[in-house]
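**Student:** Sequence:
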Amino acid sequence: MTRSSRSALETASSHFKSHAELHNGRPQQRGSTDGRSTARTVQSFVSTGPRTSTSNARGSVSRPSTSASGRKSRPGTLSTILGTNDDQTVVCAIGEARGVLPLVGVALVDITLGEATLSQICDNQSYVKTIHKLQMANPSRMVFMSTACPPIRDNVLFTLVNELIPDARIELMDRSAWSEKDGLEYLHNLAFESDIDPIKVAVDGKYYSVSSFAASLEIVQNIRNPKSKDCLFGILNQTLTPMGSRMLRSNILQPPTKYNTFIGPRYDAVEELTGEEEIFHSLWETLQTSKGFSQRHEAARSSPQVEEHINRILVTKSFLESIPQLHQALSGCNSPLLLKIRDICDPSVSDPILLSIQTIIEADVTVMSTPLDMRNARIFAVRAGISGLLDVARQTYKELTEEIHLHVQEVEREIGLQTTLKFDNGRKYWLRLKSMDRDAGEIPAVFINVVRKQTGIECQTMQLIKLNGRLSDISNEIIARSDAIIQDLIIMLRASAPQLFRLCESVALLDMVASFAHLTIMRDYTRPEFRGAFAMKAARHPVLDKILYEDFVPNDYYATEQNGFQIVTGCNMGGKSTYIKAAALLQIMAQVGCFVPAAYASFSLIHNIFARVSLSDNLEANLSTFSVEMREMAFILRNVDDKSLVIIDELGRGTSTRDGLAIAIAMSEALIQSKAFVWFATHFVDLVHVLEKRPGVVCLHLASKKTMSDDGVPRLAMLYKATQGTVDTTEHYGIELARSLGFPEDFTRRAEEVASEIRRRRQQNQQNPEARNVLARRKLVLNLYETLQQAAEHGDYEILPGYLKRLQEEFIMRMNELSVSAST
1 MTRSSRSALE
11 TASSHFKSHA
21 ELHNGRPQQR
31 GSTDGRSTAR
41 TVQSFVSTGP
51 RTSTSNARGS
61 VSRPSTSASG
71 RKSRPGTLST
81 ILGTNDDQTV
91 VCAIGEARGV
101 LPLVGVALVD
111 ITLGEATLSQ
121 ICDNQSYVKT
131 IHKLQMANPS
141 RMVFMSTACP
151 PIRDNVLFTL
161 VNELIPDARI
171 ELMDRSAWSE
181 KDGLEYLHNL
191 AFESDIDPIK
201 VAVDGKYYSV
211 SSFAASLEIV
221 QNIRNPKSKD
231 CLFGILNQTL
241 TPMGSRMLRS
251 NILQPPTKYN
261 TFIGPRYDAV
271 EELTGEEEIF
281 HSLWETLQTS
291 KGFSQRHEAA
301 RSSPQVEEHI
311 NRILVTKSFL
321 ESIPQLHQAL
331 SGCNSPLLLK
341 IRDICDPSVS
351 DPILLSIQTI
361 IEADVTVMST
371 PLDMRNARIF
381 AVRAGISGLL
391 DVARQTYKEL
401 TEEIHLHVQE
411 VEREIGLQTT
421 LKFDNGRKYW
431 LRLKSMDRDA
441 GEIPAVFINV
451 VRKQTGIECQ
461 TMQLIKLNGR
471 LSDISNEIIA
481 RSDAIIQDLI
491 IMLRASAPQL
501 FRLCESVALL
511 DMVASFAHLT
521 IMRDYTRPEF
531 RGAFAMKAAR
541 HPVLDKILYE
551 DFVPNDYYAT
561 EQNGFQIVTG
571 CNMGGKSTYI
581 KAAALLQIMA
591 QVGCFVPAAY
601 ASFSLIHNIF
611 ARVSLSDNLE
621 ANLSTFSVEM
631 REMAFILRNV
641 DDKSLVIIDE
651 LGRGTSTRDG
661 LAIAIAMSEA
671 LIQSKAFVWF
681 ATHFVDLVHV
691 LEKRPGVVCL
701 HLASKKTMSD
711 DGVPRLAMLY
721 KATQGTVDTT
731 EHYGIELARS
741 LGFPEDFTRR
751 AEEVASEIRR
761 RRQQNQQNPE
771 ARNVLARRKL
781 VLNLYETLQQ
791 AAEHGDYEIL
801 PGYLKRLQEE
811 FIMRMNELSV
821 SAST
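Taken in order, the sequence shown gives residues 1 to 824; the numbers are from UniProt numbering.
Source of the hints: derived by calculation from the structure; they are not laboratory data. Built from N, CA and C at the ideal position, the CB exists for glycine as well. Treat the hints loosely; a few may be bogus.
Okay, derived cross-link-like pairs now, BS3-like style, lysine-lysine, Cα gap no bigger than 27 Å in a straight line [as the list claims (entries may be wrong)]:
| hint | residue 1 | residue 2 |
| --- | --- | --- |
| 1 | 340 | 537 |
| 2 | 675 | 258 |
| 3 | 229 | 675 |
| 4 | 693 | 643 |
| 5 | 693 | 779 |
| 6 | 453 | 422 |
| 7 | 675 | 779 |
| 8 | 227 | 129 |
| 9 | 546 | 675 |
| 10 | 537 | 258 |
| 11 | 706 | 675 |
| 12 | 705 | 537 |
| 13 | 422 | 643 |
| 14 | 643 | 258 |
| 15 | 537 | 805 |
| 16 | 643 | 675 |
| 17 | 537 | 721 |
| 18 | 706 | 721 |
| 19 | 537 | 675 |
| 20 | 466 | 537 |
| 21 | 434 | 422 |
Derived CB-CB ranges, DEER-like [what the hints assert, rightly or not]:
| hint | residue 1 | residue 2 | range |
| --- | --- | --- | --- |
| 22 | 634 | 331 | 40 to 46 Å |
| 23 | 472 | 452 | 45 to 51 Å |
| 24 | 792 | 724 | 23 to 29 Å |
| 25 | 705 | 788 | 34 to 40 Å |
| 26 | 734 | 264 | 30 to 36 Å |
Please work from the sequences and hints to get the whole structure.
**Tutor:** In structure tokens:
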């Protein structure tokens with residue numbers, strides 16, 4: 001949940017609480033992921049803006065309302081088809097985040113069943129997913145924020161809900177109803193006691209319901225420097241349009257899970273763009289140079305509402321004028337996705353909409369970058385001859401502008417100095433003098449509002465201020481008269497909204513795919529496969545690959561359904577965290593449709609990614625490091641399944657060694673049974689000894705070696721290479737690292753003596769060698785079975801005989817080794 005929106009249930013509390021009490025039970029909270037891959041299982045409610053102190057004021061829109069019990073059911077709706085009970089009363093509260101990414105928070109409360117569903121949807125500008133979810137839920141009452149709806153503010157989502165869900169009664173409530181404090185209280189009071197902690201994990205510390213794993217994995221933001229681009233989003237974001245950047249961010253946070261529908265076509269498109277240099281360069285140049293695509297127009301957001309309407313029409317006009325260039329750039333493409341985008345961007349679709357705009361807007365007027373040019377564009381946007389009063393006002397504007405220039409020339413003759421006329425949105429017109437050798441006493445008296453700068457003197461005159469005032473008044477009148485005409489144009493364009501949304505989404509998708517192609521060409525990425533196994537050869541961490549480039553050591557990965565639990569050991573600073581984080585980041589890259597930094601890559605479709613990687617407490621929630629660990633692990637264990645990927649770093653280090661090890665073993669066993677892909681980095685070597693012989697467990701370690709510096713001091717060199725087996729505990733890598741960092745030799749020598757004694761005692765308590773040999777043989781047979789199964793399903797029949805022969809030789813050799821070790 002967001003900072004001020006955790007009371008998703010509060011808007012329906014009176015119905016919800018009383019009904020829950022009648023049923024003598026507690027309502028259930030559910031999460032919704034809307035078919036997207038994400039680490040959040042319980043979603044949340046979104047709101048924006050500061051918290052207010054006014055009381056809850058109810059209002060209703062001018063639309064016939066229908067009671068919950070007597071509302072008419074729509075024939076043929078989704079809810080009817082799916083068998084939803086018409087007697088159910090579903091109350092829905094909606095909040096929308098206005099910003100770079102359209103995020104919609106939905107809280108659905110089924111009073112009949114005593115059940116609540118909290119979800120957050122990363123939607124697009126047409127709100128397709130939100131409307132679909134609401135139609136499926138078929139709510140009888142819907143609640144919006146009064147400050148985000150007409151007449152205070154135009155709201156596309158509100159309008160779509162009004163049109164597409166006519167049976168639901170819409171009510172408006174004050175912004176203060178969306179309260180963080182009250183929302184947490186409702187979750188605590190209404191949820192089952194056993195579910196309270198996992199739900200708190202899902203909603204705690206989230207802004208727009210982005211899970212805590214996104215920050216720890218540096219998916220959309222660098223942990224140390226929020227402005228840095230050294231994160232997954234920063235690496236992949238080679239987009240040239242704001243809409244492409246928004247789509248990329250949305251896909252990274254919620255990757256698609258359908259290969260044939262989304263992922264495969266993107267791969268085909270990226271592969272074609274990387275292989276066809278002429279098509280790629282033509283497309284890249286079009287996206288980069290066309291004003292309608294590359295325009296990042298921020299002025300519209302800070303302008304008054306009247307000016308904003310004109311700004312948006314100009315942006316839309318510029319966008320439509322660039323569509324034919326994009327269609328031409330895609331003329332030689334062959335992949336299905338690019339062909340579909342080309343068909344959508346056909347000029348026959350965009351030209352009629354553009355023509356309707358050009359009947360009102362001047363053809364040569366476009367969005368400008370400087371404040372003065374932008375104001376002149378708004379002033380002269382509407383064609384001459386449409387309104388006589390508007391034409392007269394614009395003539396007055398021209399005359400006042402000429403009068404300002406004449407006044408400046410007169411001032412220059414009077415003072416004998418050359419000045420430069422400047423304009424900004426605050427001061428309007430002002431003058432700059434480049435003379436730097438004048439002190440305050442020598443500045444001519446005609447100048448006022450004098451500001452000294454390194455580049456000269458900035459000032460105004462009394463006459464210039466008067467002319468600015470008159471010019472502002474007439475420009476405001478022109479904008480107001482233009483807006484009346486623009487409003488009629490907007491109403492006319494609403495009929496073309498579906499085509500405009502499809503064009504925008506197509507351009508955004510094309511920009512994202514072109515970004516992937518550009519990154520693939522620059523970084524030599526590889527197209528991954530989806531064969532059910534997580535297997536990579538010479539894979540690189542995508543962020544560190546950019547930072548370190550040639551110095552980064554690539555690694556191999558291999559995880560399958562039968563060998564999905566990977567225990568990673570190694571010394572401090574050996575690269576364990578980097579190794580397991582890379583697995584999650586590469587999975588996200590592959591599932592959004594981007595090629596990956598590896599020599600070979602194969603993935604399995606994942607629906608959830610869970611991460612437990614930080615070692616920090618939560619002072620705000622009065623939780624220690626270990627408490628935070630246990631709460632998050634409880635959430636993971638409740639929601640993990642065979643379609644999940646889990647990375648865990650140093651579990652159980654926040655408490656005593658014995659308790660931490662016991663908990664780590666118990667949780668590892670549960671994760672092994674879940675059949676999820678798990679990378680478990682740990683310093684608990686005993687954990688490896690307990691689990692290494694179990695089916696499904698693979699032991700890895702990040703290798704290191706001892707070296708001597710030039711001055712004869714022993715040092716520990718990190719190889720950063722994942723190797724089969726367990727870290728060698730006889731090396732005492734922690735002690736070696738302390739010695740290489742300058743720790744006194746007396747202390748390190750004593751530490752080695754203690755460690756050797758502990759190891760000696762442990763060896764005396766090892767299990768029966770015969771039993772270990774049986775477990776090793778059993779595991780070797782299971783691995784052979786799985787390898788043969790993979791070869792039968794996905795192997796190349798031309799090279800299969802040689803591969804099977806080598807596999808047989810290796811199996812026999814390992815079995816002989818086990819026999820020899822058992823006899824000795």
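**Student:** All the hints need checking, so say for each whether the structure fits it.
**Tutor:** Results of checking the hints against the structure:
no.	hint	in the structure
1	340 to 537	34 Å, violated
2	675 to 258	20 Å, holds
3	229 to 675	35 Å, violated
4	693 to 643	24 Å, holds
5	693 to 779	7 Å, holds
6	453 to 422	14 Å, holds
7	675 to 779	16 Å, holds
8	227 to 129	31 Å, violated
9	546 to 675	33 Å, violated
10	537 to 258	24 Å, holds
11	706 to 675	37 Å, violated
12	705 to 537	23 Å, holds
13	422 to 643	61 Å, violated
14	643 to 258	13 Å, holds
15	537 to 805	22 Å, holds
16	643 to 675	8 Å, holds
17	537 to 721	12 Å, holds
18	706 to 721	15 Å, holds
19	537 to 675	23 Å, holds
20	466 to 537	72 Å, violated
21	434 to 422	13 Å, holds
22	634 to 331: 40 to 46 Å	56 Å, violated
23	472 to 452: 45 to 51 Å	26 Å, violated
24	792 to 724: 23 to 29 Å	24 Å, holds
25	705 to 788: 34 to 40 Å	36 Å, holds
26	734 to 264: 30 to 36 Å	47 Å, violated
Hint violations for this structure: numbers 1, 3, 8, 9, 11, 13, 20, 22, 23, 26, all remaining hints satisfied.
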